[in-house]
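All chains should be built: construct the whole structure from the sequences, respecting the hints.
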Amino acid sequence: MDMVLIPLFLAVALGVGLYARAIPQGNGGWWRFAAATVALAVAARLAGHGWAGTLLASSAELLAVGMVWSGGTGQAHAAARKYLTAVLLATLCGWTALALIHLGEVRPAAPWDRLAVALLLIGVALKLGLVPVYFWLPAVARASSAMTTALIVAVVDVGGFCELLALRDVAPWIFTDFAPLWIGLAGLSLLGAALLALAQRELKPMLAFSSIDDMGYLLLGLVAGGADGMAGAWFGILGHALGKIVLFGAVGAAEWHLGRAVTLDDRGLSTPLPVASAAFMLGALGFIGIPPTLGFVGHWRLYLAGAELGGPALLAVLYASSAMALLCYVRVIHRVWLGPAESPVSGRPLPPAAALVLLAFAVAPVLFGLVPNALRPAAEPHPHVAELASNPAANPAGGVK
Amino acid sequence: MTSITLPILLLLGGFVLQLLLGRWLTPVGKGVLATAAVFASFLVTLTLVPASMAGIAVEAPLLPVWDGPFSIGLRLDGLSVLFMLMGTGIGAAILLFSVRYMEHEEQGTTRFYAIMLVFIAGLLLLAGAADMLGAYLAWEVIGLCSYSLVGFWYRQRAATDGARKVLVITHLAGYGFLIGLVLVYSRAGTLVWTDPAVGTAFTSGVAALFVVAAMAKSVMFPLHSWIPEAMNAPTPVSALLHSACYVKAGVYLIARMYVVGGGQWHAALEVPLLAVGCVTILVGVIFAMAQTDLKRLLAFHTVSQLGYIVVALALGSDLGLAAGLFYCLSHALFKGTLFMCAGAIQHATGTRDLRELGGLATAMPGTAKVWIIAAASIAGVPLTNGFVAKWLLFGAALDKGLLAVVLVGWIGSILTAFSFLKATVNAFYGVPSKALIGRPVHEASPSMLAGMGSMAGLCLLFGLAPQLLMVPVVAPAVRSLGFDWAVQMSWLGILTDRGGIAVTVGGAVVLASAMLGLLVYRLAQAPASGLVSVYSGGEPLPAGDRPGAVDFAEMAESAFHPVYSLDPDPVFLRIWRGLTRVAGAAQAVAGGAFEDRPLLAIGLAAVAALAGVWLV
Numbered sequence: 001m002d003m004v005l006i007p008l009f010l011a012v013a014l015g016v017g018l019y020a021r022a023i024p025q026g027n028g029g030w031w032r033f034a035a036a037t038v039a040l041a042v043a044a045r046l047a048g049h050g051w052a053g054t055l056l057a058s059s060a061e062l063l064a065v066g067m068v069w070s071g072g073t074g075q076a077h078a079a080a081r082k083y084l085t086a087v088l089l090a091t092l093c094g095w096t097a098l099a100l101i102h103l104g105e106v107r108p109a110a111p112w113d114r115l116a117v118a119l120l121l122i123g124v125a126l127k128l129g130l131v132p133v134y135f136w137l138p139a140v141a142r143a144s145s146a147m148t149t150a151l152i153v154a155v156v157d158v159g160g161f162c163e164l165l166a167l168r169d170v171a172p173w174i175f176t177d178f179a180p181l182w183i184g185l186a187g188l189s190l191l192g193a194a195l196l197a198l199a200q201r202e203l204k205p206m207l208a209f210s211s212i213d214d215m216g217y218l219l220l221g222l223v224a225g226g227a228d229g230m231a232g233a234w235f236g237i238l239g240h241a242l243g244k245i246v247l248f249g250a251v252g253a254a255e256w257h258l259g260r261a262v263t264l265d266d267r268g269l270s271t272p273l274p275v276a277s278a279a280f281m282l283g284a285l286g287f288i289g290i291p292p293t294l295g296f297v298g299h300w301r302l303y304l305a306g307a308e309l310g311g312p313a314l315l316a317v318l319y320a321s322s323a324m325a326l327l328c329y330v331r332v333i334h335r336v337w338l339g340p341a342e343s344p345v346s347g348r349p350l351p352p353a354a355a356l357v358l359l360a361f362a363v364a365p366v367l368f369g370l371v372p373n374a375l376r377p378a379a380e381p382h383p384h385v386a387e388l389a390s391n392p393a394a395n396p397a398g399g400v401k
Numbered sequence: 001m002t003s004i005t006l007p008i009l010l011l012l013g014g015f016v017l018q019l020l021l022g023r024w025l026t027p028v029g030k031g032v033l034a035t036a037a038v039f040a041s042f043l044v045t046l047t048l049v050p051a052s053m054a055g056i057a058v059e060a061p062l063l064p065v066w067d068g069p070f071s072i073g074l075r076l077d078g079l080s081v082l083f084m085l086m087g088t089g090i091g092a093a094i095l096l097f098s099v100r101y102m103e104h105e106e107q108g109t110t111r112f113y114a115i116m117l118v119f120i121a122g123l124l125l126l127a128g129a130a131d132m133l134g135a136y137l138a139w140e141v142i143g144l145c146s147y148s149l150v151g152f153w154y155r156q157r158a159a160t161d162g163a164r165k166v167l168v169i170t171h172l173a174g175y176g177f178l179i180g181l182v183l184v185y186s187r188a189g190t191l192v193w194t195d196p197a198v199g200t201a202f203t204s205g206v207a208a209l210f211v212v213a214a215m216a217k218s219v220m221f222p223l224h225s226w227i228p229e230a231m232n233a234p235t236p237v238s239a240l241l242h243s244a245c246y247v248k249a250g251v252y253l254i255a256r257m258y259v260v261g262g263g264q265w266h267a268a269l270e271v272p273l274l275a276v277g278c279v280t281i282l283v284g285v286i287f288a289m290a291q292t293d294l295k296r297l298l299a300f301h302t303v304s305q306l307g308y309i310v311v312a313l314a315l316g317s318d319l320g321l322a323a324g325l326f327y328c329l330s331h332a333l334f335k336g337t338l339f340m341c342a343g344a345i346q347h348a349t350g351t352r353d354l355r356e357l358g359g360l361a362t363a364m365p366g367t368a369k370v371w372i373i374a375a376a377s378i379a380g381v382p383l384t385n386g387f388v389a390k391w392l393l394f395g396a397a398l399d400k401g402l403l404a405v406v407l408v409g410w411i412g413s414i415l416t417a418f419s420f421l422k423a424t425v426n427a428f429y430g431v432p433s434k435a436l437i438g439r440p441v442h443e444a445s446p447s448m449l450a451g452m453g454s455m456a457g458l459c460l461l462f463g464l465a466p467q468l469l470m471v472p473v474v475a476p477a478v479r480s481l482g483f484d485w486a487v488q489m490s491w492l493g494i495l496t497d498r499g500g501i502a503v504t505v506g507g508a509v510v511l512a513s514a515m516l517g518l519l520v521y522r523l524a525q526a527p528a529s530g531l532v533s534v535y536s537g538g539e540p541l542p543a544g545d546r547p548g549a550v551d552f553a554e555m556a557e558s559a560f561h562p563v564y565s566l567d568p569d570p571v572f573l574r575i576w577r578g579l580t581r582v583a584g585a586a587q588a589v590a591g592g593a594f595e596d597r598p599l600l601a602i603g604l605a606a607v608a609a610l611a612g613v614w615l616v
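Protein chains in written order, with this note's numbering: chain A, 1 to 401; chain B, 1 to 616.
These are computed hints drawn from the structure, not numbers from a lab. Careful, some of the hints might be misleading.
[As the list claims (entries may be wrong)] To list a few chain A residues with every Cβ distance to chain B over 12 Å, as calculated:
#, residue
1, Leu10
2, Leu14
3, Asn27
4, Ala99
5, Thr271
6, Leu304
[Stated by the list, open to error] Simulated coverage check for chain B against chain A, where a stretch passes if three residues somewhere in it have a Cβ under 8 Å from a Cβ of chain A:
#, segment
7, 151–160
8, 170–180
9, 456–466
10, 578–592
11, 600–613
Ideal Cβ positions, reconstructed from N, Cα and C, are used throughout, including at glycine.
This is the structure in structure tokens:
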């Protein structure tokens, strides 16, 4: 059993539940879709790498679309349609690719292996919202409540990425033989999303682009493989999940206080919302990858993986992306949160339960950053993955490349 | 093993106690607790000196199991002990000063003392880290502490703007350290400073990346412009972080690089480092001369003084390193003292604007005396540690035949003396300004005087008998960097193993400095409440008139106006604006092409993926 991700998902569910009771995130339909999404994501992790797990993960994605749809507004329905398009196409591409490669057990002869990789590339890009097929994530972030997007990013996307990690173990040829394509996709997301995040004035879409940027990082680690790449991807995805709950949660608290979307034109929110402000800052520092957060543990390993994979050139790309992320988050912290409030303090205060959730999720990455080994996955892979990995057919001599 | 980790553990214990007891303790109680923790840490650090003098590097794990194969451990050698003594010793004095200085803060004192303790612990970890990864962790932790403390008054725009600048400049440049160590690890498979494999992997390119990171932390031109903005922090922060310790992190890194591969990198980087240091000396002091805000003036002098230290280290000789490290300690003492004096003035008068000060020697005689000692020290007046530091630096430069470096240092010293003459006269002598008339100005409290007075006393002690610092602290540090150096020095820092032109030129410098000291001395003897005759550099002033801070600033701006165009901030601003314009253009293109037309995005991605898999 996955002793890290399942507790993480359950903790996220508990935290989001407490938060949503204090600061409403949606109607009864939202609660049902959210609970079912998390339950299916947990079930997918319990099932592990296999058709059952894939089916459960895809079902969780479809239910996440329901969360967005339950917003009820025209904007929410439009975003849900975009998200549904992405989910359906990603599922179609992903399932077809997995069928072609028998879940990684075989490498089909040409041209089917290439087709499988192409389909996987498209499926992964759509599922994680990578550049250039990111269209659904900013739309969902704009149209949905903060915790809706947080759940999608921290549970659904994280689950999907962990499926990729398992596939990396089982069928490394998908990544090693086609590394330039995966690196290109990762680089495009790293730089493109970081640049687009800088262009946003509204905070929720900015956080969405920041997620895409971070996924680019993680994808690089996955492609690099090895101890550093896999550890970087693993710690990175955990930091990503915790960080996004904090960041979206803090912005949700500000929306609750102001009664509208938060933009770069807002000022001095740390005065009425000191806990949310502190949580946002801690979450941002983790996301930027500043020690001693878990984000740093992931980032530094990914830098090592980047050096092995692409040398100084790839390090330069990573640096550019990190620098833009820093500028982006620091701008938000200093324009929106810190400094004098421009208008008299009024609005709804942060409920204690929501403050508790934000603090817990903000402090956790710092504590885990000091003892990251506590979050290492079990040494033994899932039995199904181990069976596939030990099967000689997983790397058939009949491959083309 | 206990005494190795104990200095850090004591500080972290103090941090935990601050958090646990913060609700119940008064601001004074929190200050006393923090001071006690740092002082205890200082005492334990002192016990490490004998091993350091014997040339023994002691080791202990701090986080034996961290991330996979990586652990965080300590390896304390002479250089580590020097920086640990500086951090805890100066830290204890400044926290003692803070007890009364911060007692009237209505909120945030728990945060203040807690972060100060973490900062000092971070500095100790930086100095003692056995490998580059531990050092980088500490590097960023102290950076975060600096950011938090500069933004202590986070509801004030000036404070948060300063904090933002600190974080952006130091962190972006700090990536140089991270990328450098990543490159080293990918080549050597280890990050231990003293590992021979690291020496092989430590190319001049990697060294340059480290130096860039060090330049930002240690305010080298052109990455220095964050420090004046950081002066919006509480004064103890300016004293501890932005004069004594934080800005020395870069100095530490440059010094530590000498243990890697026998300092082979030095051959490629000596000239660039010397050039950066020399430019920094002059730019810093010239900008300082134009300031009328006391803390900003001190901040620019920090820039200039750090230039001296880096120049000394860049010389790459035993005497150069000794000069740099002695200068590092001396600067911590005299600049920390000056900042505390500035804080005491602001505490007493409510302002630090030189245009609104004057005649304070009457109301604050103790502060005035302390200030004059520290000002004399920074100007390099004999009998102070500042003189010894400059003397050693000039000697080291002359040894290598670098007369230009001596000339730059000498000009910098003269300008420093003039700048402090302005500050001293405008703050302490003459008649009080109109702004102060009717305001009850009081002397600093005994604990504040004790904090800054103890450091001023050390400025004199180490000026008279530098051997007291050289033998147990500086010489072991130099030896730990691989240089076989024996202290051959008499009282007042006169070297006994040097001759010829070095002594002749040095003697002239001593004479000039002594005359400057005499000038300061005579000014100090003038009746405090009367007007002071000041040499204005031109025609005598009419009776009863005197040059004020504004006159002096205008004179400096007139004399050095081309230098003021060397402000790097407009360049940084242009880069930022360019980046946001590019981001806006990207959003316009991507929004229309990809967000609004999902099928177009998917189609393009599909074509690219299919084409890609057949091309790879």
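Comparing the hints with the structure gives:
1. Leu10: It holds; leucine 10(A) is separated from chain B by about 25 Å at its closest Cβ, greater than 12 Å.
2. Leu14: It holds; leucine 14(A) is separated from chain B by about 25 Å at its closest Cβ, greater than 12 Å.
3. Asn27: holds, 27 Å
4. Ala99: For alanine 99(A), whose nearest Cβ neighbour in chain B is about 17 Å away, the distance exceeds 12 Å, so it holds.
5. Thr271: violated, 6 Å
6. Leu304: Incorrect as stated: the minimum Cβ-Cβ distance to chain B is 6 Å, not above 12 Å.
7. 151–160: holds (count 6)
8. 170–180: Since three or more residues must qualify, the claim that chain A covers the segment 170–180 of chain B holds, with 5 doing so at under 8 Å.
9. 456–466: With 0 residues close enough to chain A, the hint is violated.
10. 578–592: holds (count 8)
11. 600–613: Held - the segment 600–613 of chain B has 9 residues with a Cβ nearer than 8 Å to chain A, which meets the minimum of three.
Taken one by one, the earlier hints fail for this structure at numbers 5, 6, 9, listed in ascending order.
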